[in-house]
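Participant: Sequence:
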Amino acid sequence: MKVARSTMVTAAVGTAAALAASGITYASAASSPTSPAAGAAAAAAPQGGDGGQSKGNEGRGNEGRGNEGREGHEGYEGRIQVNERSYSSDPGDCVTVISGLGAKTLNIRNESHRTVEVFRGAVCDNGAPIATVGPHSDSYGVDAGTTDGIYIDNGVVASFRVIRHHEF
1 MKVARSTMVT
11 AAVGTAAALA
21 ASGITYASAA
31 SSPTSPAAGA
41 AAAAAPQGGD
51 GGQSKGNEGR
61 GNEGRGNEGR
71 EGHEGYEGRI
81 QVNERSYSSD
91 PGDCVTVISG
101 LGAKTLNIRN
111 ESHRTVEVFR
121 GAVCDNGAPI
131 ATVGPHSDSY
141 GVDAGTTDGI
151 YIDNGVVASF
161 RVIRHHEF
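For the sequence shown, the numbering used here assigns the number 1 to the initial residue and increments by one for each residue that follows.
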């Protein structure tokens, strides 16, 4: 719903006047209180030479949009999901995944900027990875096979680690 700026300012000034009249006070950035009638009169009259006629998006740049694109995601690391469970994408740690309830394969979704290596068994040093999932991609139906010494009835045992990439 589009509402004119002058309507919003008038509504805000009217609300502030009603709150001030009822005795409810809030912290304000203004250094001194102003008369509500003077503020409403100033808000009603447009200050520009265009008579209040807006030209839409003409002549507007990118002011006020903040961090767009990759810059806005610098603090967001993303998540790793294995069989509907969510894990952190912090690099370096080996995470063991035990999925029961009839699971026979792994479904891996990588929502981070890093690469995930998936291994057979409970540790990440059981040879080469059985799957490598790149940034912002997924892999379904990864068969972890059986692991000697670990028996899970109707379940899967695997592990994964997140690889740290060089910052560009």
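To be clear, the hints were calculated from the coordinates, so they are not data collected in a lab. Treat each hint with caution, since some may be false.
To be verified - Derived DEER-like restraints, expressed as beta-carbon distance ranges: (1) Cys-94 to Asp-143: 28 to 36 Å; (2) Thr-146 to His-113: 30 to 38 Å; (3) Ile-150 to His-113: 27 to 35 Å; (4) Asp-143 to Gln-81: 27 to 35 Å; (5) Gly-149 to Asp-93: 32 to 40 Å; (6) Arg-85 to Ile-163: 14 to 22 Å; (7) Pro-135 to Gly-102: 27 to 35 Å.
Where a beta carbon is used, it is the ideal one built from N, C-alpha and C, also for glycine.
Participant: The structure should be examined with respect to each hint, and the outcome stated for every one.
Facilitator: Do the hints match the structure? See the list:
1. Cys-94 to Asp-143: 28 to 36 Å: Hint violated: Cβ distance 20 Å, outside 28 to 36 Å.
2. Thr-146 to His-113: 30 to 38 Å: The hinted range 30 to 38 Å holds for Thr-146 and His-113, with Cβ atoms some 33 Å apart.
3. Ile-150 to His-113: 27 to 35 Å: Given about 32 Å between the Cβ atoms, the range holds.
4. Asp-143 to Gln-81: 27 to 35 Å: With Cβ atoms ~18 Å apart, the hint is violated.
5. Gly-149 to Asp-93: 32 to 40 Å: violated (22 Å)
6. Arg-85 to Ile-163: 14 to 22 Å: holds (20 Å)
7. Pro-135 to Gly-102: 27 to 35 Å: holds (30 Å)
Hint violations for this structure: numbers 1, 4, 5, all remaining hints satisfied.
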